[in-house]
Amino acid sequence: MKGSTLAGTLPETKRESKRKWSRIARNWQLYLLILPVVAYYILFHYVPMYGIQIAFKDFIATKGITGSPWVGTEHFERFFHSYFFWRLIKNTLGLGLYSLAVGFPIPIILALLMNEAKSAKFKKFVQTVTYAPHFLSTVVVVGMMMIFLSPRYGMVNHLITMFGGHPINFMAEPGWFKSLYVFSDVWQTMGWSSIIYLAALAGIDNQLHEAARVDGAGRLRRIWHINLPGIRPTIIILLILNIGSIMGIGFEKVLLMQNNLNMETSDIISTYVYRAGIQGAEYSFSAAIGLFNSVINFILLISVNWVTKRMSDTSLW
Amino acid sequence: MLLESRGDRVFNALIYLILGLVTIIVLYPLVFVFSASISDPQTVLRGEMLLWPKGINLNSYAKIFQNKDILSGFSNTLLYTSVGTLINLGMTIIAAYPLSRKDFVGRNWFMGLFVFTMFFGGGLIPTYLLIKDLGMLNSFWVMIIPNAVSIWNIIIMRTFFQQSIPYELQEAATIDGCSNIQILNRIILPLSMPIIAVMILFYAVGHWNAFFNALLYLSDKDKFPLQLILREILIQGQTSDMVKMSTESAIKQQREVEGIKYAVLVVANIPVLILYPFLQRYFVKGVMIGAIKG
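Sequence lines, in order, name chains U and F.
So for the first sequence, our numbering puts the first residue at 1071; every next one is plus one.
So for the second sequence, our numbering puts the first residue at 5; every next one is plus one.
Just chain U, with the same shape it has in the complex (with noise of 0.2 Å):
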């Protein structure tokens, strides 16, 4: 018996894997069109992770990545030991951490809000300028931050003296630094973000709200029932993608914002990389990092994936 079984899998497999190489041969344009593909990852995505090894080296530039020679980890050990080790963790951290309690929640609350609002022609009106900004480039954000806030000239200066105030130069307060960071992303995100949370609302089964409604639910009783828990996959999928990149927070905004005044509270482990590797030309120094920076990254992202699955089902991978 044993054996015949064993005799009947083994010619399966065989074919099995002769009509897998017929259907790659017969596919074979396929494999061509996908190549560029497959060649632009390697070079852009996986030649520089190769080249982190120089985090571990000391890089000379005429010796290339390979010959430069060896060192260990003196690269790290002079990065946690630098004075500015605590003031960059506590900043990405502290800026990661407040973007994400605030600008998480208020996208689900905006998508929960519009779908309630009956009106088509009003709900699409508020998607329709709410979404506008998100086109809008960083350099542009910042630059009407700046002008609406300048001290003399801002109109939120002018309101604050209208109104008896002092006025506050705003962009050289590093006690303003994170709030302003954090809601100009919300105003600037907000309603684009919404657009996912919509659709997974629209997707929900309007039977379940029909019955709600016989059993005499009321409608916030129906949104915190049904709407959120309908969407509750999606809210997770987010959450994980979010915690992520945590510490990789926004660099192009916060560098864009950055001064000598604030640099007290804006200046996280991205920005440092920036200035020390290519402004400084200390490209080992930080390589190890920016090396630090994405494995802490790497590792959230992992261990949230896990949790999330292990208590939802709901995981990226």
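Note that these hints are calculated values from the structure, not bench results.
Do not take every clue at face value.
[As the list claims (entries may be wrong)] Here are the simulated DSBU-like pairs of lysine-lysine, each with C-alpha atoms no more than 35 Å apart in a straight line:
id	chain 1	residue 1	chain 2	residue 2
1	U	1188	F	289
2	F	58	U	1194
3	U	1160	F	136
4	U	1133	F	225
5	U	1194	F	289
6	U	1193	F	58
7	U	1379	F	106
8	U	1248	F	227
9	F	227	U	1323
10	F	256	U	1084
11	F	289	U	1191
12	U	1379	F	289
13	F	289	U	1248
14	U	1323	F	72
15	U	1133	F	106
16	F	227	U	1133
17	U	1323	F	225
18	F	136	U	1323
19	F	106	U	1088
20	U	1323	F	289
21	U	1248	F	225
[Said to hold, decoys possible] Stretches of chain U that chain F covers, calculated by requiring three or more beta carbons in the stretch to come under 8 Å of a beta carbon on chain F:
id	stretch
22	1145 to 1158
23	1173 to 1187
24	1190 to 1203
25	1283 to 1290
26	1334 to 1348
27	1356 to 1365
Here the structure is a predicted model, which is why all the values come from computation and not from measurement.
For each residue, glycine too, the CB sits at the ideal point set by N, CA and C.
Given the structure of chain U, go ahead and fit chain F onto it with the hints provided.
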């Protein structure tokens, strides 16, 4: 329909109130910038202009169109955007089409190769050194090749191919003797115009707004895209070129500078402003397809 209770009506009113407020908060700065750009700078700086333009004055625009940095930035950006978007689109299609096919052996493997880069990368410095070794520093192509394709958009397009074009259609074409390339050209692409429009929009906006690669890799001012010029004017306050010609007083110069900033903001977003109403229905569709995820 069940009758609305009083609580429901209060609830409705509250929703409209909150949404109305949100809309005003988002809209106000945008309208303000536009109004300020065509107003007399003096009234704007004094805080007299609150919503509608006051003392119409187009001098700031005139100043912009005499500025050679802005003009060259504008035309560079147009070039980067058109060439870049074309390449993006081609790369996305040739990746998404094979990945959408059930009979494409190894598609999970390819997908994994691409998706992994979303979560882990070499980082700024190794990438910079690569670009340097490739001799791409300060070249036209550095604005295009390093961002040749985006994995998000590949996923969106692949999902569209899978869900909106029946697989049977492709099978039938194969039986009729179509090669894979012919299927792509004659069947898939003609049926994919909505998603192609979405891709063009996403990629073009990305190129239009890109500034970081330029900051890192470009050193010649005549290659700078508009966003880098904007950064100089808006954030670093380098507007001296534009006003130094006038022999006016310092206060008047300052006024001109502020006026120019508003006008520059408007000019930088004109293409998006013009296209926005036409493209809106497409991009919402695009995000939704992306959200479903295969």
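We went through each hint and held it up to the structure:
1. For the proposed pair residue 1188(U) and residue 289(F), the alpha carbon gap of about 21 Å is at most 35 Å, so the pair holds.
2. Taken as a hint, the residue 58(F) and residue 1194(U) pair is honoured in the structure, with Cα atoms around 30 Å apart against an allowance of 35 Å.
3. For the hint pairing residue 1160(U) with residue 136(F), the CA-to-CA distance comes to about 33 Å; that is within 35 Å, so the pair holds.
4. The straight-line distance between the Cα atoms of residue 1133(U) and residue 225(F) is roughly 31 Å, inside the 35 Å bound, and the hint therefore holds.
5. Between residue 1194(U) and residue 289(F), the direct Cα distance comes to roughly 14 Å. Compliance with the 35 Å bound is thereby established for this hinted pair.
6. As the CA atoms of residue 1193(U) and residue 58(F) are separated by approximately 31 Å, the hinted pair is consistent with the 35 Å bound.
7. For the suggested pair residue 1379(U) and residue 106(F), the alpha carbons sit about 27 Å apart, so the restraint of at most 35 Å is met.
8. Simply put, residue 1248(U) and residue 227(F) have alpha-carbon atoms about 33 Å apart, close enough for the 35 Å limit, and the pair holds.
9. Pair hint residue 227(F) plus residue 1323(U) holds up; C-alpha atoms about 22 Å apart against a cutoff of 35 Å.
10. A hinted pair counts as satisfied when its Cα atoms are at most 35 Å apart, and residue 256(F) with residue 1084(U) does not qualify at roughly 85 Å.
11. For the hint pairing residue 289(F) with residue 1191(U), the CA-to-CA distance comes to about 18 Å; that is within 35 Å, so the pair holds.
12. In summary, the hint linking residue 1379(U) to residue 289(F) is supported, as the alpha carbons are separated by about 29 Å, within the 35 Å threshold.
13. The suggested pairing of residue 289(F) with residue 1248(U) holds, with an alpha-carbon distance near 33 Å, which does not exceed 35 Å.
14. Among the hinted pairs, residue 1323(U) with residue 72(F) is consistent with the structure: their alpha-carbon atoms are about 26 Å apart, no more than 35 Å.
15. Simply put, residue 1133(U) and residue 106(F) have alpha-carbon atoms about 47 Å apart, too far for the 35 Å limit, and the pair is violated.
16. For the hint pairing residue 227(F) with residue 1133(U), the CA-to-CA distance comes to about 31 Å; that is within 35 Å, so the pair holds.
17. For a cut-off of 35 Å, the pair hint linking residue 1323(U) to residue 225(F) stands: about 22 Å separates their Cα positions.
18. Our distance criterion of 35 Å between C-alpha atoms is met by residue 136(F) and residue 1323(U), whose separation comes to about 25 Å.
19. Distance check on the hinted pair: residue 106(F) and residue 1088(U) sit about 17 Å apart at the alpha-carbon level, within 35 Å; holds.
20. About 28 Å separates the Cα atoms of residue 1323(U) and residue 289(F), which keeps this hinted pair within 35 Å; it holds.
21. About 32 Å separates the Cα atoms of residue 1248(U) and residue 225(F), which keeps this hinted pair within 35 Å; it holds.
22. Counting residues of the stretch 1145 to 1158 of chain U whose C-beta sits closer than 8 Å to any C-beta of chain F gives 0, which falls short of three, so the coverage hint is violated.
23. Interface restraint, the stretch 1173 to 1187 of chain U with chain F: holds (5 residues with C-beta to C-beta distance below 8 Å; minimum three).
24. Remark: the stretch 1190 to 1203 of chain U is confirmed as covered by chain F, as 10 of its residues place a Cβ nearer than 8 Å to a Cβ of that chain, reaching the required three.
25. Evaluation of the coverage hint for the stretch 1283 to 1290 of chain U: fulfilled, as 4 residues show C-beta separations to chain F shorter than 8 Å, against a requirement of three.
26. Here the stretch 1334 to 1348 of chain U counts 5 residues with a CB under 8 Å from a CB of chain F, which clears the bar of 3, and the coverage holds.
27. With 6 residues bearing a CB less than 8 Å from a CB of chain F, the stretch 1356 to 1365 of chain U meets the requirement of three and the coverage assertion stands.
The structure shown violates the earlier hints numbered 10, 15, 22.
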